[in-house]
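Q: For chain V, the structure is supplied; the task is to place chain C on it using the hints.
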Amino acid sequence: MQNSDETIEIPQLMDSIKLDGFKEKTDQLLADLQNNNIEEAIKCINELNDLNGQNFYSVIGKLTRGLHDAISDLSIPTSDIESENNRTRSDLNYVISLTEDAAKKTLALTEKAREETQQVVQNGSEQQDLIKSFLAENSVDDNTRALLDKLSDLCDSNDSTIATLNSGITEIVMAQNFQDLASQSLTKALNIIKQVENSLISLTQYANLLTKISQFSAKNADEMNLEESEQLKDNIDKFNDLNAQEHLDQDDVDNLLSSLGF
Amino acid sequence: MPASLDMKILVVDDHESMRKIEKQILNDLGYKNVDMADDGTTALPMLQKGNYDFVISDWNMPQMEGIELLKAIRADDRISKTPVLLVTAESKKEKIIEAAQAGVNDYVVKPFNAEILSEKISRIFP
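Sequence order for the protein chains is V and C.
Counting in our numbering, the first sequence runs from 1 upward without gaps.
Counting in our numbering, the second sequence runs from 1 upward without gaps.
For reference, chain V alone in the conformation it holds in the complex (with noise of 0.2 Å):
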């Protein structure tokens, strides 16, 4: 797990951005146009938009891939070691189930306290009428009768305490509010990040797509040979399954962006 002194590192996204090719290409198209070549010069704009998918492509991979890995470092460790080699880890979805569990336990005791109290009160309660029933019904001496007031004062301070206790205790109840709306918050921040990394990942296989299909975009269809028409077709084909794509987990993912080079 981060601890509060570690950073998370965010990939320098300008070190993927590749120039030396706009240099050349510009340069090149400029003689191009000087020297009134517009087959060659159009070749080069075509290039130069090339070079700029890519470099789109690679900053938003790498965007993507450091989101994944940010998300991957919220993973909170157990401390349960289930064997020497393997360690278990689990997300923010665990913090939110031991605060639950944390303030169902604090309620359950509560409770129970509740009802010891509660007894207490009873006894108390008790404790005053059969005081008050035997000095109704035997004569006693001075020194058994301070005894017997003596007890029913402290009754009486045991009902103070009592209502000190409950009030405590009521508090301690109200403080578990926190749980409701941390479990709330967390919940909605995980979806969001959720739903920034699958528009990413699905902008990621777009842009590698239209990178792929680009590639052909000089040709016509009657100059490409065979395996290059396949290719085509394969990769439209990929571009329009994007849509139906299923939900991918972590894992998934992690292997998505690996083989697309991030």
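Hints listed in this document are in silico derivations from the structure and should not be mistaken for laboratory results.
Keep in mind that this is a model prediction, so the values were computed, not measured.
Beta carbons: idealized from backbone N, C-alpha and C, even for Gly.
Treat the hints with care, since some could be wrong.
Claimed, not checked - If the Cβ cut is set under 7 Å, some of the chain C residues that face chain V in the computed set are:
{"hint": "1", "residue": "H15"}
{"hint": "2", "residue": "M18"}
{"hint": "3", "residue": "N51"}
{"hint": "4", "residue": "K110"}
{"hint": "5", "residue": "N113"}
Unchecked claim - The calculated lysine to aspartate or glutamate pairs, modelled on DMTMM-like cross-linking and capped at a C-alpha distance of 25 Å, are:
{"hint": "6", "chain 1": "V", "residue 1": "K112", "chain 2": "C", "residue 2": "E94"}
{"hint": "7", "chain 1": "V", "residue 1": "K112", "chain 2": "C", "residue 2": "D28"}
{"hint": "8", "chain 1": "V", "residue 1": "K105", "chain 2": "C", "residue 2": "E94"}
{"hint": "9", "chain 1": "V", "residue 1": "K105", "chain 2": "C", "residue 2": "D28"}
{"hint": "10", "chain 1": "V", "residue 1": "K212", "chain 2": "V", "residue 2": "E230"}
{"hint": "11", "chain 1": "V", "residue 1": "K188", "chain 2": "C", "residue 2": "E90"}
{"hint": "12", "chain 1": "C", "residue 1": "K110", "chain 2": "V", "residue 2": "D101"}
{"hint": "13", "chain 1": "C", "residue 1": "K110", "chain 2": "V", "residue 2": "E100"}
{"hint": "14", "chain 1": "V", "residue 1": "K194", "chain 2": "V", "residue 2": "D50"}
{"hint": "15", "chain 1": "C", "residue 1": "K8", "chain 2": "V", "residue 2": "E111"}
{"hint": "16", "chain 1": "C", "residue 1": "K110", "chain 2": "V", "residue 2": "E116"}
{"hint": "17", "chain 1": "V", "residue 1": "K105", "chain 2": "V", "residue 2": "E116"}
{"hint": "18", "chain 1": "V", "residue 1": "K212", "chain 2": "V", "residue 2": "E228"}
{"hint": "19", "chain 1": "V", "residue 1": "K194", "chain 2": "C", "residue 2": "D14"}
{"hint": "20", "chain 1": "V", "residue 1": "K188", "chain 2": "C", "residue 2": "E94"}
{"hint": "21", "chain 1": "C", "residue 1": "K32", "chain 2": "V", "residue 2": "E39"}
{"hint": "22", "chain 1": "V", "residue 1": "K104", "chain 2": "C", "residue 2": "E65"}
{"hint": "23", "chain 1": "C", "residue 1": "K120", "chain 2": "C", "residue 2": "E90"}
{"hint": "24", "chain 1": "C", "residue 1": "K49", "chain 2": "C", "residue 2": "D39"}
{"hint": "25", "chain 1": "C", "residue 1": "K71", "chain 2": "C", "residue 2": "E94"}
{"hint": "26", "chain 1": "C", "residue 1": "K93", "chain 2": "C", "residue 2": "D14"}
{"hint": "27", "chain 1": "C", "residue 1": "K120", "chain 2": "V", "residue 2": "E171"}
{"hint": "28", "chain 1": "C", "residue 1": "K95", "chain 2": "C", "residue 2": "E16"}
{"hint": "29", "chain 1": "C", "residue 1": "K32", "chain 2": "V", "residue 2": "E115"}
{"hint": "30", "chain 1": "V", "residue 1": "K212", "chain 2": "V", "residue 2": "E24"}
{"hint": "31", "chain 1": "V", "residue 1": "K105", "chain 2": "C", "residue 2": "D14"}
{"hint": "32", "chain 1": "V", "residue 1": "K112", "chain 2": "C", "residue 2": "E16"}
{"hint": "33", "chain 1": "V", "residue 1": "K104", "chain 2": "C", "residue 2": "D38"}
{"hint": "34", "chain 1": "V", "residue 1": "K194", "chain 2": "V", "residue 2": "E171"}
{"hint": "35", "chain 1": "C", "residue 1": "K32", "chain 2": "V", "residue 2": "E171"}
{"hint": "36", "chain 1": "C", "residue 1": "K49", "chain 2": "C", "residue 2": "E68"}
{"hint": "37", "chain 1": "V", "residue 1": "K105", "chain 2": "C", "residue 2": "E68"}
{"hint": "38", "chain 1": "V", "residue 1": "K104", "chain 2": "C", "residue 2": "D39"}
{"hint": "39", "chain 1": "V", "residue 1": "K188", "chain 2": "C", "residue 2": "D38"}
{"hint": "40", "chain 1": "V", "residue 1": "K112", "chain 2": "C", "residue 2": "D35"}
A: Then chain C, alone, in the frame of chain V:
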């Protein structure tokens, strides 16, 4: 009509801890006749059968949200007049307006305490 300490109250929240908190607060205020439901879908049949005098409900619940429960209560002639208090983390203006338009009696934003709940009950049952 002032609130009777005997009135039958239904607390609806998908978080067990919140249900227990609200029940304890109501007990402390003297209202001992308190039942609990974990979602609007559980609460609605209880309300239709159970002669409840008052409903306290959360907004965000998985199967049937509090606002949907409120609308269902208002749409059912048998229980349409049951006072409903929404106790929720939703504090956006449009949500409060939506609740008011759906016929909520009052609205409490979490976190809350016994004093606030008591005040709201006094306003609903003057």
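Q: For every hint, state whether the structure bears it out.
A: Going down the list of hints, with the structure as the test:
1. H15: holds, 5 Å
2. M18: holds, 5 Å
3. N51: Result: violated, 26 Å to nearest chain V Cβ.
4. K110: holds, 6 Å
5. N113: It holds, given that the least Cβ distance between N113 of chain C and chain V is near 6 Å, below 7 Å.
6. V:K112 <-> C:E94: Violated: K112 of chain V and E94 of chain C sit about 41 Å apart, past 25 Å.
7. V:K112 <-> C:D28: Given pair K112 of chain V, D28 of chain C holds - Cα atoms ~15 Å apart, limit 25 Å.
8. V:K105 <-> C:E94: Violated - the C-alpha atoms of E94 of chain C and K105 of chain V are around 36 Å apart, more than 25 Å.
9. V:K105 <-> C:D28: This hinted pair holds, its Cα atoms lying about 20 Å apart.
10. V:K212 <-> V:E230: Measuring from Cα to Cα gives roughly 12 Å; hence the hint holds.
11. V:K188 <-> C:E90: It holds: about 12 Å lies between the C-alpha atoms, which stays within 25 Å.
12. C:K110 <-> V:D101: It holds: about 20 Å lies between the C-alpha atoms, which stays within 25 Å.
13. C:K110 <-> V:E100: holds, 17 Å
14. V:K194 <-> V:D50: violated, 30 Å
15. C:K8 <-> V:E111: Within the cut-off at roughly 21 Å; holds.
16. C:K110 <-> V:E116: Violated. K110 of chain C to E116 of chain V sits at ~30 Å, over the 25 Å cutoff.
17. V:K105 <-> V:E116: holds, 17 Å
18. V:K212 <-> V:E228: Satisfied, since the Cα-Cα distance of roughly 11 Å is no more than 25 Å.
19. V:K194 <-> C:D14: holds, 23 Å
20. V:K188 <-> C:E94: holds, 18 Å
21. C:K32 <-> V:E39: violated, 88 Å
22. V:K104 <-> C:E65: holds, 23 Å
23. C:K120 <-> C:E90: Between K120 of chain C and E90 of chain C the Cα gap is close to 17 Å, so the pair holds against 25 Å.
24. C:K49 <-> C:D39: holds, 16 Å
25. C:K71 <-> C:E94: holds, 16 Å
26. C:K93 <-> C:D14: Since the Cα atoms of K93 of chain C and D14 of chain C sit roughly 23 Å apart, the hinted pair holds (cutoff 25 Å).
27. C:K120 <-> V:E171: Holds: K120 of chain C and E171 of chain V sit about 20 Å apart, inside 25 Å.
28. C:K95 <-> C:E16: holds, 24 Å
29. C:K32 <-> V:E115: holds, 14 Å
30. V:K212 <-> V:E24: OK: K212 of chain V and E24 of chain V at ~22 Å, within 25 Å.
31. V:K105 <-> C:D14: Between K105 of chain V and D14 of chain C the Cα gap is close to 17 Å, so the pair holds against 25 Å.
32. V:K112 <-> C:E16: Holds, at about 16 Å.
33. V:K104 <-> C:D38: holds, 15 Å
34. V:K194 <-> V:E171: Not OK: K194 of chain V and E171 of chain V at ~36 Å, beyond 25 Å, violated.
35. C:K32 <-> V:E171: holds, 19 Å
36. C:K49 <-> C:E68: Answer holds: K49 of chain C to E68 of chain C is near 18 Å, not above 25 Å.
37. V:K105 <-> C:E68: Given pair K105 of chain V, E68 of chain C is violated - Cα atoms ~31 Å apart, limit 25 Å.
38. V:K104 <-> C:D39: Holds - the C-alpha atoms of D39 of chain C and K104 of chain V are around 18 Å apart, at most 25 Å.
39. V:K188 <-> C:D38: holds, 20 Å
40. V:K112 <-> C:D35: Roughly 19 Å between the alpha carbons, so the hint for K112 of chain V and D35 of chain C holds.
Of the numbered hints listed earlier, those contradicted by the structure are 3, 6, 8, 14, 16, 21, 34, 37.
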